[in-house]
Amino acid sequence: MQRIVIDVLGDLGGAVIDGLGRLGRAALFFGRVLGVSHRVLRRFGQVTREMRASGVRSVLIIVVSGLFVGMVLAVQGHDVLQRFGASDSLGVLVALSLVRELGPVVTALLFAGRAGSAIAAEIGLMRATDQLSAMEMMAVDPVARIVGPRFYGAVFSMPLLAAMFSVLGVFGAWLIGVRLIGIDAGSFWSQMQATVDFRHDVLNGLLKSVVFGVAVGLIAVFEGFHAAPTAGGVSSATTRTVVISSLAVLFLDFVMTTWMFRG
Amino acid sequence: MDVQGLTVQRSKIDVLVGLFVAAGLLAAVFLALKVGNLAGFDTEGGYRLEARFDNIGGLKARAPVKSAGVVVGRVESIALDRETYEARVLLQIFPEHRFSKDTIASILTSGLLGEQYVSLEAGGDSAYLASGDRIAKTQSAMILEKLIGQFLFSKASEPNAGGSK
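Chains as they are written, first to last, in numbering that gives the first Met the number 0: chain A, 0 to 262; chain B, 0 to 164.
Since the hints were derived computationally from the structure, they do not count as laboratory data. All figures in this text were calculated on a predicted structure; none of them were measured in a lab. Hints are not guaranteed to be accurate.
What the hints assert, rightly or not - If we take Cβ atoms under 10 angstroms as the criterion, some of the chain A residues that face chain B in the derived model are:
| no. | residue |
| --- | --- |
| 1 | G44 |
| 2 | V58 |
| 3 | I60 |
| 4 | S64 |
| 5 | A94 |
| 6 | A162 |
| 7 | S165 |
| 8 | Q192 |
| 9 | D196 |
| 10 | F250 |
| 11 | D252 |
Claimed, not checked - Where chain A lies over chain B, by a calculated footprint (3+ residues, C-beta under 8 angstroms):
| no. | region |
| --- | --- |
| 12 | 21–27 |
| 13 | 134–142 |
Just so it is clear, CB atoms sit at the ideal spot from N, CA and C, and this is done for glycine as well.
Take these sequences, add in the hints, and give me the full structure.
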């Protein structure tokens, strides 16, 4: 009995210390990535290349998802709003949900699955095949050469993708609401424009997506860079990237939402 | 890989990323202008008026200020006056609109369940309100509970109240 209690407590303590250790290493790694920023941003061609891999290639999934999320919001929103005779407010409902929440959050979740996993797997495989050690031996800093461009590629891509998601969502809602259901186009746009505020809604939404870009980018490069140099290590780094960045995005979203929209 | 091939590949990547960035920025501009209506809401321009109400009901900051139903400004901030216990509402009025000194400010509701807004009714005074001026005549928000209470009270106090039919 005593033995079991000690075992359980030992496992718990070990898990907490392990988790805190990872958090600390991630923070130090973040500092290291930021420390080489000037070297990364000076060779912007590298960042451009990574933006193609993570950003440009995510456009299709973002655009299609945004369109469908917007259409579904319009159908469901109209169903509820028409009970109160307020279906003219559909534009407000859709635009606020997309710009404030769904645009940044769903984009970040999709990005973590589409691009974050790829970044982690790529860097993890470089670790497993000793490419990173080889670079270090040639006095090339892998953080500046490999990690930095991928991190900044994610940071720059995320707000652009989130903006596209929101716009396609509004377009999808317009297709369903105005074209199919027959809400007046004038009140759809005018109520939206009267309610959505540039600074309070649009800029805060974009700020959210920048923070998500930093979070997802950092988690992906950290997990890849610190992957165990085995096939299993690469696979677990990829899985951890998707799981941890999804949870981090949802948690950060809650924190930022209470801070931004509490009033 | 030869140098020629490398440059061709690089420029293709540059074009693709350029397209991506342009599309993203275009989307952000669309959100700002078409969805957020940044062009129609210039916070820098315009002048500020003050109005004091006994009760503002459910009025919120950034609610529209309307005159004859046309949006002429926004509610900038709402605060409680510490001495008089009145609500101090600051209104940001677009610069192209001027209102006479005897303008009446009242808080109305658009529709039955709609949002509340400040309505300005211009009077006949030839002098205009300047920035920082206070609107003297105000009409508070209509509180449904108070209205029902008043109605019941006046019904009960009628001479033949409760009379047999």
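Verification of the hints:
For G44(A), the interface hint holds, since its Cβ comes within 10 angstroms of a Cβ in chain B; the closest pair sits about 7 angstroms apart. Because the closest C-beta pair between V58(A) and chain B is about 6 angstroms apart, less than 10 angstroms, the hint holds. Given the 10 angstroms rule on beta carbons, the hint for I60(A) is violated: about 13 angstroms separates it from the nearest Cβ of chain B. Using the Cβ-Cβ criterion of 10 angstroms, the hint placing S64(A) at the interface with chain B is not satisfied: the shortest such distance is roughly 14 angstroms.
The beta carbon of A94(A) is positioned within 10 angstroms of a beta carbon in chain B (closest approach about 5 angstroms), and the interface hint is therefore held. Annotation: interface hint on A162(A) holds; nearest CB of chain B at approximately 4 angstroms, less than 10 angstroms. Of the supplied interface hints, the one on S165(A) holds, with its beta-carbon coming within about 6 angstroms of a beta-carbon of chain B, less than 10 angstroms. With a cut of 10 angstroms, the hint placing Q192(A) at the interface with chain B holds, because the nearest CB-to-CB distance is about 3 angstroms.
The criterion of a C-beta within 10 angstroms of any C-beta in chain B is met by D196(A), whose closest approach is roughly 6 angstroms, and the hint holds. Interface restraint check for F250(A): the shortest CB-CB distance to chain B comes to about 25 angstroms, outside 10 angstroms, so the restraint is violated. For D252(A), the interface hint is violated, the least distance from its beta-carbon to any beta-carbon of chain B being 18 angstroms, above 10 angstroms. Here the region 21–27 of chain B counts 5 residues with a CB under 8 angstroms from a CB of chain A, which clears the bar of 3, and the coverage holds.
Note: the region 134–142 of chain B has 0 residues with beta-carbon separation from chain A under 8 angstroms; the three-residue rule is not met and the coverage is violated.
Hints 3, 4, 10, 11, 13 from the list above are not met by this structure, while the remaining hints are.
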